[in-house]
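Trainee: Residue numbers (numbering that gives the first Met the number 0), protein chains in the order written: chain A, 0 to 328; chain B, 0 to 277; chain C, 0 to 371.
Simulated from the structure, these hints should not be mistaken for laboratory data.
Heads up, a few of these hints could be off.
What the hints assert, rightly or not - Over 12 angstroms on every C-beta distance to chain A, these chain C residues come out as not near it, computed from the model:
1. L43
2. S96
3. A124
4. T215
5. A225
6. S266
7. R282
8. R286
9. V294
10. P321
11. D329
Stated by the list, open to error - A few chain C residues facing chain A, derived, Cβ under 8 angstroms:
12. N161
13. R274
14. H287
15. R290
Virtual Cβ for every residue (Gly too), placed ideally from N, Cα, C.
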Amino acid sequence: MSAHPPLFEVRDLRVAFGPGGILGEAVRGISLHVDHGEVLGIVGESGSGKSVGMLAALGLHPEGATVSGSVRFKGRELVGLPRRELRALRGSRIAMIFQDPLSSLNPVMTVGDQIAEAVRLHNRDLSRKAALDRARDLLALVAIPQPDRRLRQYPHEFSGGMRQRVMIAMAVANDPDLLIADEPTTALDVTVQAQIMEVLADLKARLKIGLILITHDLGVLAGHADRVAVVYAGQVVEQAGVDDLFARPGHPYTRGLIASIPDMTRMDDRLFSIEGTPPALGRLPQGCAFHPRCTVAQEICRHRAPQTVQSGSHAAACHFAFQTARGAA
Amino acid sequence: MTTAPALRMIRPRWLTLPLILGLLLVLFWLLATVAAPVMTAHDPLDMVGRRLQPPSWDHLLGTDALGRDVFSRTLHGARHSIPIAVAVVILAVAIGATLGALAGFLGGFADTVIMRLVDVTLSFPPMLLAMAVAASLGPGLWNAAIAMVIVWWPVYARLMRAQVLEVREREHVEAAIASGATQTRVLTRHILPLCWTPVLISATMDLGQVILLAASLSFIGLGATPPTPEWGSMISDGAAQFYSWWVALGPGLAILTIVLGFNFIGDGLHDYFDPRSR
Amino acid sequence: MKHNFNYVDGPPADCQYWPGYRRRTNLQTPGKDKVMTRYILRRLIAMPFLVRGIVTPSFLLTSVTKGDPLTAIVSDRQLNNPEVVAAAKAKWGLDRSLPERYVIYVGNLLTGDMGTSFITRRPVAQDVLYRLPATMELVIAAMAVGATIGISLGVLAAYFRNTVIDHAARVFALFGSSIPVFWLGLALLYVFSVQWGILPGPGRLAARATPPPMVTGFMTIDTLLAGDFRQFLDAVWHLILPAFVLGWAVAGTISRLVRANMLEVLSRDFILTARAKGAGEFRVVIRHALRNTLVPTLTVIGYSFAYLLTGAVLTETIFSWPGMGSYAVDAARGLDFPAIIGVTIVGGVIFLVTNLLTDIAYVVANPRVRLE
Numbered sequence: 000m001s002a003h004p005p006l007f008e009v010r011d012l013r014v015a016f017g018p019g020g021i022l023g024e025a026v027r028g029i030s031l032h033v034d035h036g037e038v039l040g041i042v043g044e045s046g047s048g049k050s051v052g053m054l055a056a057l058g059l060h061p062e063g064a065t066v067s068g069s070v071r072f073k074g075r076e077l078v079g080l081p082r083r084e085l086r087a088l089r090g091s092r093i094a095m096i097f098q099d100p101l102s103s104l105n106p107v108m109t110v111g112d113q114i115a116e117a118v119r120l121h122n123r124d125l126s127r128k129a130a131l132d133r134a135r136d137l138l139a140l141v142a143i144p145q146p147d148r149r150l151r152q153y154p155h156e157f158s159g160g161m162r163q164r165v166m167i168a169m170a171v172a173n174d175p176d177l178l179i180a181d182e183p184t185t186a187l188d189v190t191v192q193a194q195i196m197e198v199l200a201d202l203k204a205r206l207k208i209g210l211i212l213i214t215h216d217l218g219v220l221a222g223h224a225d226r227v228a229v230v231y232a233g234q235v236v237e238q239a240g241v242d243d244l245f246a247r248p249g250h251p252y253t254r255g256l257i258a259s260i261p262d263m264t265r266m267d268d269r270l271f272s273i274e275g276t277p278p279a280l281g282r283l284p285q286g287c288a289f290h291p292r293c294t295v296a297q298e299i300c301r302h303r304a305p306q307t308v309q310s311g312s313h314a315a316a317c318h319f320a321f322q323t324a325r326g327a328a
Numbered sequence: 000m001t002t003a004p005a006l007r008m009i010r011p012r013w014l015t016l017p018l019i020l021g022l023l024l025v026l027f028w029l030l031a032t033v034a035a036p037v038m039t040a041h042d043p044l045d046m047v048g049r050r051l052q053p054p055s056w057d058h059l060l061g062t063d064a065l066g067r068d069v070f071s072r073t074l075h076g077a078r079h080s081i082p083i084a085v086a087v088v089i090l091a092v093a094i095g096a097t098l099g100a101l102a103g104f105l106g107g108f109a110d111t112v113i114m115r116l117v118d119v120t121l122s123f124p125p126m127l128l129a130m131a132v133a134a135s136l137g138p139g140l141w142n143a144a145i146a147m148v149i150v151w152w153p154v155y156a157r158l159m160r161a162q163v164l165e166v167r168e169r170e171h172v173e174a175a176i177a178s179g180a181t182q183t184r185v186l187t188r189h190i191l192p193l194c195w196t197p198v199l200i201s202a203t204m205d206l207g208q209v210i211l212l213a214a215s216l217s218f219i220g221l222g223a224t225p226p227t228p229e230w231g232s233m234i235s236d237g238a239a240q241f242y243s244w245w246v247a248l249g250p251g252l253a254i255l256t257i258v259l260g261f262n263f264i265g266d267g268l269h270d271y272f273d274p275r276s277r
Numbered sequence: 000m001k002h003n004f005n006y007v008d009g010p011p012a013d014c015q016y017w018p019g020y021r022r023r024t025n026l027q028t029p030g031k032d033k034v035m036t037r038y039i040l041r042r043l044i045a046m047p048f049l050v051r052g053i054v055t056p057s058f059l060l061t062s063v064t065k066g067d068p069l070t071a072i073v074s075d076r077q078l079n080n081p082e083v084v085a086a087a088k089a090k091w092g093l094d095r096s097l098p099e100r101y102v103i104y105v106g107n108l109l110t111g112d113m114g115t116s117f118i119t120r121r122p123v124a125q126d127v128l129y130r131l132p133a134t135m136e137l138v139i140a141a142m143a144v145g146a147t148i149g150i151s152l153g154v155l156a157a158y159f160r161n162t163v164i165d166h167a168a169r170v171f172a173l174f175g176s177s178i179p180v181f182w183l184g185l186a187l188l189y190v191f192s193v194q195w196g197i198l199p200g201p202g203r204l205a206a207r208a209t210p211p212p213m214v215t216g217f218m219t220i221d222t223l224l225a226g227d228f229r230q231f232l233d234a235v236w237h238l239i240l241p242a243f244v245l246g247w248a249v250a251g252t253i254s255r256l257v258r259a260n261m262l263e264v265l266s267r268d269f270i271l272t273a274r275a276k277g278a279g280e281f282r283v284v285i286r287h288a289l290r291n292t293l294v295p296t297l298t299v300i301g302y303s304f305a306y307l308l309t310g311a312v313l314t315e316t317i318f319s320w321p322g323m324g325s326y327a328v329d330a331a332r333g334l335d336f337p338a339i340i341g342v343t344i345v346g347g348v349i350f351l352v353t354n355l356l357t358d359i360a361y362v363v364a365n366p367r368v369r370l371e
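Isolated chain A (complex conformation) (with noise of 0.2 angstroms):
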């Protein structure tokens, strides 16, 4: 761990939603961090709160949601900033990118004009001749052939991997420090996939970025993340160095994950998941949040929710983190 503070820090992080927040706290209390050149793997299934969290975080929630906490990048406070001041940061110090890239660009408009956009807004005095050179070597460094074909042309005539080099390309226009790449593969093919996390991968090393890679997809951060926070209604459930997450899973919930991964080596058992579904929004289980789907989970489990445990850099929240389960696969 260095000494100066993270890149991105993330503490305690809430997201209501509803007025008053009656409706319920979709993130409900999350932290983690990043430091430079560092990936992180966030890690949840759907509506866990994960992208929710991330958005807030650069004031991009939706209407009628209320944020409290704290997230510093740089050590500058981003909650409760002016939303002027918010702006001046999205897009050129920390960029975003989301699912589904067909529907992530705008339709109207060429893929020359959206990335130059992205490069003029925070480079006023930028004509849009150099803009759109700019453009032309973002998309040669996504490794996008023709550039200068490509630039005139609109978003529905790429395929669905180079669309999303493009959002990529878009992101990293103006050389930021942090990227948030909320499930950048799940609208993809498999074999595609495997191209866009290289084209992150490179980048990474390239321009020293530190990513945030939101996922539902354990596999997919086992070869480039980091370290990896498992998030569970609203609440980081477990956080751990890569290989140690995989090694040393504190969390039932993690077990459940890892063993849900399909093995292609074991091709007689059926496929595992884990029982049940995560709750919805406002209707909490009482106690921990997860003991309705959990193997392992005692009285204690329906009373009190879990204190984080440590073992080292490798935290959990359980009430036997660390224990190995009997019986769990």
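Given chain A, work out where chains B and C should sit, using these hints.
Mentor: Here is chains B and C on its own, set in the frame of chain A:
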């Protein structure tokens, strides 16, 4: 729209303030249609006062150029405008929906012929067509009504045809045909009952537009004949008496309120059936 | 940095396919402009048939008039004049059967002869041509007003959804579609012209003014061409009230559509992307959202032409605007059948043309549709 918390609890979501207002307005004019003679003190056709008097307690909306009470003429106007509008819509729906259903159901030659007729009629700007037909038929409110039916029926034909085409493909229709029902039976018992809703909504919303069209025709002189107290012709009189502003005020407000009422109802119906657009 | 992205460029050059195979990437769609031209040609070819569809019913209207078809061609006063009657019979074939009369009518129509107006005693074709620009000027101005109001209201209502602004915009729009156009015109004339004197009265120019030489028929353009700037301002000033009256009605429909479209577009993902790029709200709404709603909005504006033509008839009457609308009204009142039929045909043709232009504009403006 904000309402008192207590009220919010007992009224259903779709019963918004505009909808309530619309219903009240329409109800008022329906009442006027039926009970105008009771609601007004003066006879609409008689000279009951001095000419061109501004509004007073005696004559709430003043008198017109022939000394008739504008207020009672306005209320009595409902007895002419509303039944005509209802008749026009009913006829247009009857003709249009029938032809549309036949076109959609039978397809082929019937469809082509009917839709050609629809397209031709819709190629004309509605007002011009109505004017041309009304002029050819001669003056009178009922001739204007015929003109309006001719202008309006294609709308319902198209609507009904689209509905029939969609419902026709559904499974229960296939089942009915497979079980040996005759064509008529399939059409009337299985397809049509599902097609009514959009036509009904459209018809309700169109009532306002028909009233506007009728008033427009009368304004030009192609509809009601004097001394009938029809709103459009009353406004025309008002235009001639430009400086006596009250003469045109009554009928204008009448048209405004009733069309607004129907529009509110139409909007409310729209929200009821498709609340997503809120 | 070596990348192993497979076939990003297409298969490698040494890949063997059958001779003559041309590698097709998604950059090369078969002549996208060709598709569009074909569409336009198809529509243009269909036009004459549609026009025939207009002419035939219009002609048939003359046969609906009670009694002698003569009354549709010759005015009451002239019926006693044997020369006129004879000339009419010869020209329009009044002795012959209906189909023959139809053919003669179409023949006359093709030479530009629509009969002679009873009221003005001039050829109908000439009358209509003379009055058409005035109506066009009014309708175009009204469309501009209506579109501006409608789009602004729609955007505001969508962005401030379910707030006071939204409701106010809806009520305003609703009022616009509920007020009878002719009454609104009267009311506004009374308030603004008579009472407050801010805006001028009826007519295209001040009462005693001498109009400029007629070049286009558009008073605004002609005054400019004549170099008379003060008259230009006068013309514009006279245009304001009628354009507003006529435009408010369509503003309602347009605003409703724009609101619905904007709501849908604002919920789409690329709006989030734009915000994530650091774009300000104004840019997001105008440059990103509005641009995506422009195409269906354009079509509504185009189709609202019908309503505008309808409303123009009444507006012109109130504002003494010497256009086709007031000509139609005079004709209808005076039972001037050649004029009535002539106006109906011309109105129908204009309507057809505007619909065609709107459809073409839709195809041209939409990059996705263009390539299909």
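Trainee: Hint by hint, say whether it matches the structure.
Mentor: Hints versus structure:
Listed as a non-interface residue, L43(C) keeps its Cβ farther than 12 angstroms from every Cβ of chain A; the least gap is roughly 27 angstroms. Listed as outside the interface, S96(C) is consistent with that label: its C-beta sits roughly 57 angstroms from the nearest C-beta of chain A, beyond the 12 angstroms cut-off. At the 12 angstroms boundary, the C-beta of A124(C) stays outside the reach of chain A, the nearest C-beta of that chain being 44 angstroms off. Listed as outside the interface, T215(C) is consistent with that label: its C-beta sits roughly 34 angstroms from the nearest C-beta of chain A, beyond the 12 angstroms cut-off.
Remark: the non-interface label on A225(C) is consistent with the geometry, its nearest Cβ contact in chain A lying 41 angstroms away (cut-off 12 angstroms). For S266(C), the non-interface assignment is contradicted: its Cβ lies about 10 angstroms from the closest Cβ of chain A, within the 12 angstroms cut-off. For R282(C), the non-interface assignment is contradicted: its Cβ lies about 8 angstroms from the closest Cβ of chain A, within the 12 angstroms cut-off. Non-interface status of R286(C) relative to chain A is broken: a Cβ of that chain comes within 12 angstroms, the nearest being about 8 angstroms off.
Its closest Cβ contact with chain A, about 8 angstroms, brings V294(C) to no more than 12 angstroms, contrary to its assignment away from the interface. Under the 12 angstroms C-beta cut-off, the non-interface status given to P321(C) relative to chain A holds; the minimum distance is some 42 angstroms. No Cβ of chain A comes within 12 angstroms of the Cβ of D329(C); the nearest lies about 47 angstroms off, and the non-interface call holds. Among the interface hints, the one on N161(C) is violated; its C-beta lies about 10 angstroms from the nearest C-beta in chain A, farther than the 8 angstroms criterion.
Interface restraint check: R274(C) against chain A, minimum CB-CB distance 6 angstroms, threshold 8 angstroms, status holds. Given hint, H287(C) at the interface with chain A, holds; its Cβ is 6 angstroms from that chain's nearest Cβ, closer than 8 angstroms. Checking R290(C) against chain A: minimum C-beta separation of about 5 angstroms stays under 8 angstroms; hint holds.
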